[in-house]
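J.: Chain residues, written in single-letter form:
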Amino acid sequence: MTSVKFLYAAYIATWVIHGTYIGSLVRRYSRLRRRREELDRGK
Amino acid sequence: MKKALLVFAVPAAVLTALLLAYAFYQAMWVAPMERTMGEVQRIFYYHVPSAWTAFLLFFVNLVASVTYLIRRNTRADAVALVSAEVGVVFCTVVLVTGPIWARPVWGIWWTWDIRLTTTLVLWLIYVSYLMLRRFSDGAQTPKLAAVLAIFGALDVPLVYFSIWFFRTQHPQPVIGGGGSIDPRMLHVLLINWLAFSCLALLVGWSRYRLEIMQRDLEEELALESLLGDGGLPPASAGASSRTGSLLNRTSSRMGPG
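Protein chains in written order, with the working numbering: chain A, 1236 to 1278; chain B, 8 to 264.
Watch out, some of these pointers could steer you wrong.
For the chain A half of the interface with chain B, some residues (derived, Cβ under 8 Å), not all of them [as the list claims (entries may be wrong)]:
#	residue
1	V1239
2	A1244
3	L1274
Straight-line alpha carbon distances no greater than 25 Å define the calculated DMTMM-like cross-link-like pairs of lysine to aspartate or glutamate that follow [said to hold, decoys possible]:
#	chain 1	residue 1	chain 2	residue 2
4	A	K1240	B	D162
5	A	K1240	B	E41
6	B	K10	A	E1272
Beyond 12 Å from chain A on every Cβ pair, some chain B residues (computed) [claimed, not checked]:
#	residue
7	Q48
8	R79
9	A109
10	P164
11	S169
12	S187
13	P190
Worth flagging that the hints you see were computed from the coordinates, not collected in a lab. Just so it is clear, CB atoms sit at the ideal spot from N, CA and C, and this is done for glycine as well.
For reference, chain A alone in the conformation it holds in the complex:
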């Protein structure tokens, strides 16, 4: 690998890590909203 490829790899890895975490937050939020809706429907 040339030095530029290492640079791209580092930048891509950074955004993959942040993207994965933000994605997990979105999934957790959707799950929570579904549970909230189920609870409200049950009332």
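Mind docking chain B on chain A? Use the hints.
T.: Structure of chain B alone, referenced to chain A:
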């Protein structure tokens, strides 16, 4: 929540995205190329701001944990959990980008140098903190986690000052500690730190809102179960210990009979 989303989250997300794009442009094309390392040195503009942001988040975690131990404030407990989680994400970036930089510059991915080892230990401490929060739902969990957070925070100055006081393979500090940096590089570094700090603030705020919503829902479910069929709800994964204490409070209010 919807109002807060429109007033704060959407403009903040747009501004943060613009700032990150500008910081990326500066790091890739505006900052001068370092003479000995060449292009790969630009990893520095993601690696160093991520490390500083992680340290800042672990400091917030320390303050929130101490506040929780003194005042038993559940909001402080939520801030501690959120700052540790986002801090681990930034620390992961540091541990991934560091070896990617090291391979072409040092010829190796990793060495058990004091700076690298203490950073890995720091990451492991906060991962164990998150595992404690995730898999233990007893009423004592926030207290235990707060004590663990204080021990974890002791590693932060060790990581930071390790390259000041020990001979290490890791590059010397560029700010303070006798190091020097081109003013244009420093400018780009600070812009990237500002951008990543904004990202941490935005993600942390969203995660905090999520945590509060989750705790409110758990409380509501626990109360419904208690008042509905008189039985206790099954312990759900990630149920907060606040629910446990709420159940204790409710049970004691209802009396033994």
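J.: All the hints need checking, so say for each whether the structure fits it.
T.: Structure-based check of each hint:
A cut of 8 Å between beta carbons decides the hint on V1239(A): the least distance to chain B is about 5 Å, and the hint holds. Taken as an interface hint, A1244(A) checks out: its beta carbon lies about 5 Å from the nearest beta carbon of chain B, inside 8 Å. With a least beta-carbon distance of about 7 Å to chain B, the hint placing L1274(A) at the interface is held under the 8 Å criterion. For the hint linking K1240(A) to D162(B), the alpha-carbon distance of about 33 Å lies beyond 25 Å, and the restraint is violated.
Only pairs whose Cα atoms come within 25 Å are accepted, and K1240(A) paired with E41(B) is accepted, the gap being roughly 16 Å. Distance restraint check for K10(B) and E1272(A): the Cα-Cα separation of roughly 19 Å lies within the 25 Å cut-off, and the hinted pair is therefore satisfied. With a cut of 12 Å on Cβ distances, Q48(B) falls inside the contact zone with chain A, its closest approach being about 8 Å. Every CB of chain A is more than 12 Å from the CB of R79(B) (nearest about 25 Å), matching its label as outside the interface.
At the 12 Å boundary, the C-beta of A109(B) falls inside the reach of chain A, the nearest C-beta of that chain being 9 Å off. Residue-level check passed: P164(B) sits 25 Å from the nearest beta carbon of chain A, beyond 12 Å. Separation of S169(B) from chain A is adequate, the least Cβ-Cβ distance of about 22 Å exceeding the 12 Å criterion. Listed as outside the interface, S187(B) is consistent with that label: its C-beta sits roughly 23 Å from the nearest C-beta of chain A, beyond the 12 Å cut-off.
P190(B), annotated as away from the interface, keeps every beta carbon of chain A farther than 12 Å; the closest lies near 22 Å.
When held up to the earlier numbered hints, the structure conflicts with 4, 7, 9 and fits the remainder.
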